[in-house]
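Engineer: Starting from the given sequences, assemble the full structure and let the hints guide the process.
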Amino acid sequence: MKDMQAQLEKLRTDAAECALIRDLATDPKKREFFTRLADQD
Numbered sequence: 001m002k003d004m005q006a007q008l009e010k011l012r013t014d015a016a017e018c019a020l021i022r023d024l025a026t027d028p029k030k031r032e033f034f035t036r037l038a039d040q041d
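Residue numbers (my numbering): 1 to 41.
Keep in mind the hints are simulated off the structure, nothing from the lab.
Accuracy of the hints is not assured; some may be wrong.
As the list claims (entries may be wrong) - Label pairs and their computed distance ranges (CB to CB):
hint : residue 1 : residue 2 : range
1    : L11       : R31       : 17 to 23 Å
2    : F33       : L8        : 37 to 43 Å
3    : T35       : A6        : 34 to 40 Å
4    : K29       : M4        : 29 to 35 Å
5    : E9        : R36       : 16 to 22 Å
6    : Q7        : K29       : 37 to 43 Å
7    : M4        : D39       : 20 to 26 Å
8    : Q5        : Q40       : 16 to 22 Å
9    : R31       : M1        : 34 to 40 Å
10   : D39       : A6        : 19 to 25 Å
11   : K2        : Q40       : 37 to 43 Å
12   : M1        : T26       : 38 to 44 Å
13   : K2        : E32       : 33 to 39 Å
14   : E32       : R12       : 17 to 23 Å
To be verified - When the alpha-carbon atoms are kept at most 20 Å apart in a straight line, the in silico DMTMM-like pairs for lysine to aspartate or glutamate are as follows:
hint : residue 1 : residue 2
15   : K30       : D14
16   : K30       : E17
17   : K29       : D39
18   : K10       : D27
19   : K10       : D39
20   : K2        : D14
C-beta: ideal position from N, C-alpha, C; glycine also.
Structural biologist: Quick look at the structure:
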């Protein structure tokens, strides 16, 4: 059970990082890409 919780926390952290990159991206295609990655949580 701890492994699943650790994996979930890692996914949430990764999604938050993708959202941060999305907010900093200036290229619309990259922004869209990181939006899709962030929304996969």
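Engineer: So which hints don't hold here, by number, going up?
Structural biologist: 2, 3, 6, 11 and 18
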